[in-house]
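Chains H and P: place on chain D using the hints.
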Amino acid sequence: MLEIRIHGRGGQGAVTAAEMLSVAAFEEGRHAQAFPTFGSERTGAPVVSFCRIDDRPIRIHEPISHPDALLVQDPTLVHQVLLFEGVGEEAYVLLNTGRSFAELGLGEVEDRLRPGRAVCVPATEIARAELGRPLPNTALLGGFAALTGWVSLDSISTAIRQAFAGEVGEANVRAAKAAHDRVLEKKGRSARA
Amino acid sequence: MPVRSQIEGSQAVARAVARCRPQVVAAYPISPQTHIVESLADLVRTGELDPCEYLMVESELGAMSACIGSSAMGSRTYTATASQGLLFMAEALFNASGLGLPIVMTVANRAIGAPINIWNDHSDSMSMRDSGWVQLFASSNQEAVDLHVQAFRLAERLSLPVMVCMDGFVLTHAVEQVDVPEQDEVDAFLPPFTPRQQLDPAQPVSIGAMVGPEAFTEVKYLMHARQMQALDEIPRIAADFEAAFGRPAGGLVRPYRTDDAETVVVALGSQVGTIEVVVDQLRDEGHPVGLLDVTCFRPWPRDEVRRALAGAANVVVLEKAFAVGAGGIVGQNTRLALAGTPTVVHDVVAGLGGRPVTAAAVRGLLDDVLAGRVDPHRLHFLGLRTDLVDGQLRRDAASVPGPHAESMLREAGVIGSGSH
Amino acid sequence: MTVEPKLYQVDTFAVGNRLLDPAQRSEQARADRSNAITSGHRACQGCGEVLGARYVLDAAMRATGGNMVAANATGCLEVFSTPYPETSWQLPWLHSLFGNAPAVASGMAAALRAQGRSDTRVVAQAGDGGTVDIGFGCLSGMFERNDDVLFVCYDNEGYMNTGVQRSGATPPAARTANTKALGPEPGNAFGQGKFVPLIAMAHEIPYVATATVADLRDLEAKVETAMGMSGARYLHVLVPCPLGWGSASEDTIKVARLARETGIFPVFEAERGRITAVSKIRRWQPVEEYLRIQRRYAHLFGEPRRDDIVARIQAQADHNIDRFGLLDDDPGYEQDQE
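Residue numbers (the working numbering), protein chains in the order written: chain D, 1 to 193; chain H, 194 to 613; chain P, 614 to 951.
Bound conformation, chain D alone (with noise of 0.2 Å):
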């Protein structure tokens, strides 16, 4: 069983990117549960939502406190909340920043995971581009299809259509594929350092 846990900010659309990635493992036959912390929270508030992604059907109901990958949308919610708590150094960290972990005071959190594992994306910087707001959930995801090949881009563009009609959901899936690329070329280049 893969979990995932998305740390973002009330308006971010944290839970929804959670449901996303739940219904594009779901469009792969696969059975995936997605939900949120569940609070009263208000715009801006942190906000926790959670993925569980298995080839079995998923029985267990509890929030996932070992994630195997840590989505982050806002990373000055390191100043909050305890965002890498239970992540352990085989789990994958896509953190949305133009800048990079050590930039962030966040080198400890990148030098304790295996190498190629901690990715930096600009997915607020790339949703202000493609869709004219600083949404960043549908390019993380793209972001995350990348980086952990656990889903593919086309299962993500699938679930970000059926989430947004219309041109709405086409320029999500342009975000989408813009981290993807990002992402990868980035590993590329970690790659071959």
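Incomplete in silico selection of chain H near chain D, CB under 8 Å:
1) Val368
2) Glu369
3) Glu469
4) Thr551
5) Ala552
Source of the hints: derived by calculation from the structure; they are not laboratory data.
Owing to the predicted nature of the structure, the values given are computational and were not obtained by experimental measurement.
We put the CB at the ideal spot given by N, CA and C, even for glycine.
Below, chains H and P alone, put in the same frame as chain D:
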């Protein structure tokens, strides 16, 4: 064929309810029930659910009262609520069951304040366990969907109200794979509503007369008798459902690996899946452990519970509510079922106010039970932060003024709630 | 439609059937009268509520051709009409709870709409406790949704079923079981209470009317008007309670008439929040005439007399006369409704 979807529990339930063709839905918003009734409001608006009147009432008392009027008028009637909302309709709940009106209601289980808490536990449904409603608990979103379809048939067959309980947020807000029954399948399973009693100008009757000591006991006896009939009807409906839909759902209890089990956990709701995982682990390690999932809590299936548990040496009742000042609620009922047997029953309260019931915590508990470290004569609270309560008890003893909840939050260093 | 008869009985200024045009006369003597509530019920002698309920429901039955259902709140009307295993109701009737009759009626109306039976009409009824106090939230909800319900409040100004306690409709200075004639301010307090017809008007529902059991033809006419409309309608009927008010059983009509003739209880009709008709006072009387025949005000006329309190009640009646234009020489009811 059913449509298999990756869908939020609330949306799935709303679609299943819509396919049961309720003619009147009256509801008042309360988290975590809102997604269900919002979705039904959409379906009414778009005409997908037609004919149906969606009443946006002014309170939960109004919601259940409108349901009473509608059901007495002979319409299939549905509502949903949770927590404080269920308590706010308490008076009308007893009225609906006393009048024998086959209303179906979803309870998206949530804690009851004070302190105010929007997260999941079973205090709400459990507080209404004696309201005369049938109470069915869903362990998954698939079961929640299936139980709703069965609930209408049960309610209308026996002319009594049915509450389908599903864990708030844990199930209502979880997106999972669910087979949502198709319209033709539901139509074949659930006949149109033929009311046993109805307000009709052509045949005027008075419903809700005052009954004095001369017959009140008899009226209440008949309510009880009808609930006892439900103990026979529920398994029949579950069998019919399985035959029609090709998957098991419902019934009174569902034993999981209880054959030859020496220790059996009794539980209701979404924690059942987590406990199954732990049971499998322990079985793999050679421990004879099992689980009894109680789907029907009211009426209480005493004989079935007894049959499933009587061979066990230890029973651990893991429940998301308790009777303050007394102990476990499901535990008390379980003891009743096991009267005269040597089986030892442990009452464990877990998952209050949204505290996750984790596999690790359940595993730890069962390890303790297997090692004889859990005193069966005491009420246990899984994962209780003894540092917090002991500190507060000390302050109480020293007569330090102030509200408990706030002092403990200060002690715990929690600012606001819900932060991860 | 408010009846404005030209002839009155000598002295009492009552309007008997025989003084009306034949078309306007009540039909209480006709053999085919619907009798929604039949004899044999357990109401007290001289009960204003059962008189009001019978006229309201019979008029509604006539207006709907008998195609109607009723929701009833807990209270005297419910208790005295349905002592198990008997019932006085000749129409489909449902009693649920004390505080939920408006919502029950909303549910009935919704069910009828869903069943495509909009020709069947819904009437809900409650006493003042079930209307202005415990049922008020549900009532306001029913009003704002404009559900197709005629809600009738039989106002006897207190919780009579439980032994005469104060309600939000109990008038100032009235003695009840929990506002006894004790202390310097005997009886119910001044400056409290509410007049729900005005609150109903604030919802801008199609029709609001008040009536008393002193003018039964007027009451019937208002029911007919209400049943000719759809949406939420509210009828507030003053029904003296001999037990609770301490009036003689044979004086029920007289007391109700004096409530109107003093201006204590304004009788009017309103549509969509605007007053459309007012029943004028036929022969003005000082409030003392009204108060003296009710033992709930006896403490105002004992030793010492409390003329100060009587004057305050008179001031309220005068305020009503002014506000609603209850006297002929009055320029008219308040024009600030614009």
